[in-house]
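So the protein sequences, as listed, match chains A and B. Numbered per the working numbering, the first sequence spans residues 102 to 363. Numbered per the working numbering, the second sequence spans residues 4 to 357.
Just so you know, these hints were derived from the structure itself, not from any lab. Owing to the predicted nature of the structure, the values given are computational and were not obtained by experimental measurement. Any given hint could turn out to be false.
[Stated by the list, open to error] Here are the computed lysine to any residue pairs in the SDA-like style, where the Cα-Cα straight-line distance is at most 20 angstroms:
#, chain 1, residue 1, chain 2, residue 2
1, B, 133, A, 279
2, B, 133, A, 118
3, B, 133, A, 199
4, B, 133, A, 259
5, B, 133, A, 278
6, B, 133, A, 276
7, B, 133, A, 283
8, B, 170, B, 307
9, B, 133, A, 280
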Amino acid sequence: MTRFLLAASGVLVLAFLCLPALIVIPMSFSSANSLEFPPPGFSLRWYESFLGDPRWVAALKNSALIALVSSTIALLLGSLAAYGLVRGTFRGRALIEGVFIAPLVVPSVIIAVALYIFFARIGLLGSLPGLIIGHTVLGVPYVVLVMSVAIRSFDHRIEQVALSLGASTTTMFRRVLLPNMLPSVFAAWIFALIASFDEVIVTHFIAGPYDTVPKRMFNELVLQVNPTITAIATLLIALSVVAIGIVVLLLRRGGVKIQSLT
Amino acid sequence: MSSIHLKGVSRHYGAFAAVDDVSLDVEPGEFVTILGPSGSGKTTVLTMIAGLNQLTGGSIHIGGRDVTALPAAQRNIGLVFQSYALFPHMTVFDNVAFPLSVRGIGATETRRRVEEALARVRLDTFGRRKPSQLSGGQQQRVALARAIVFQPDILLLDEPLGALDRKLREEVQVELRRLQRSLGITTILVTHDQEEALSLSDRIVVLDHGKVQQIAAPQNAYLRPSNRFVADFLGAANVFEGRVGSDERSIVMDGGTVIPCGAAARRPGTPVTAILRPERLILAADEAIGIVPAMITESVYLGQFVRYHVETPAGPMIAVAPGGNNGFAPGARVSATWQPDDVWIVADGAAPPA
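Using the sequences and the hints given, assemble the complete structure.
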């Protein structure tokens, strides 16, 4: 009986969390002119209206470009930082790790305001490089977290043996460490990619004339409830589910347990 | 074949001395074991020789060359860790070929040398497997092949047998010794297992709290330990405390019992601690003929051996005898005897056990 109650309440909570997101999916295939549930008929008109609108396509291109570039930079910087934090023996490591993780904990609005003021001063406000740097800052904590766990779970002795067998540090990184880190590297990159693609608050503050998909969705919703949003939302959900699926698969292959990340 | 010279090697972490002023000369082709409990600094010494840990004092020479400031990659040392540390993403062949490939050796030569090294550890047919498909003992042999394939000047082994079960350990021990002899390579092994140290090495270095306690051949370290710590760490011992007798060839205990010993090299009356190894204590059925009378309090059958716990005027003692049929039963009155030279003075005064 207790077990049944536990399972039932679990299912209820899960439904409570997921239903609002999932209800969007049937609505996006609706033939109605406004948001209506249940949908009166099947149609792909809202997907057409999304992909047929040059403003949406431009936003999509911006989002993709910013996400790709910023997540790649975040991957490079975050991985190097993670290696130093895990293998280094210098003082103040905990503090520095805290600084790297901070963007994950500090409210986005605060980071947004900080970046706004800073970028205004150095003239990066409303520019593509500014957006990329801002999104990089947000992506680094994910990379540091995933890569720290991966590096920590890799036997340090293996790196030491590689060096002692005559490999330079660069060769050791390239031929020993990196091949074993690949699944985690890819997972970290996807995390940073999603973080950037979903980001709306910081983007709003620093984007200026540039539109990204989440920013445009937000603006559209303020003006009117256009069912196009449901098509976009469905696409984003599909993207996230696929990405998270890949991440879980990769981390398992890399021997990293999801629980050890949290 | 290269000699190894450590001169005053130290590793301090703040005020803590992990390794303190260790000096050691290893002859070309010699097999030396660094023996000590965990935390004694033995692995730190090894990683400093390998170039993976910085010295805070002293110098290291390998084959006459000062390597103190040389990075690990340029020291030409074969290194084997307890955890095997094989490259998990490479096949056995690629693991063993790695040191050759970073040295830019051609494919034909690499193939020949890898095959030779794998044959030496009897794994010739395993080249295409991944490390995860091998048993612990096989992985260890791959690590060994990888450590010798590039003809290193010296071989360093960090508890190489620690992760293997007992039977396998004895097998790999024999193989290791055979390999080391046939290559004639100067080898330093680190272990906390005194049996391993005694059976494998030409000489043993006993380390405790980062300091060298004794450097000696196995038999000397065992029978002639330089202090109480070495005596206890290398095996069980009967301990006598007393004063050197007037003939300087005996120890007079507090109760008046006289323990004959070898030349004391100390003045009569000096307080000393001496040890006698259990297998050097001989029990005789006749109460009268021995040095001290003894009563069996317990007999423990160990197959090859029987361990007797006896009560004597010199206190409780342990004797180990071959496990024959005619053992003594608890309560039997016997006598204990020994060669005076087997009683060895380990310290002046009463040395507390380490």
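ask   = So which hints don't hold here, by number, going up?
value = Going through the list in order, the structure violates hints 2, 3 and respects the others.
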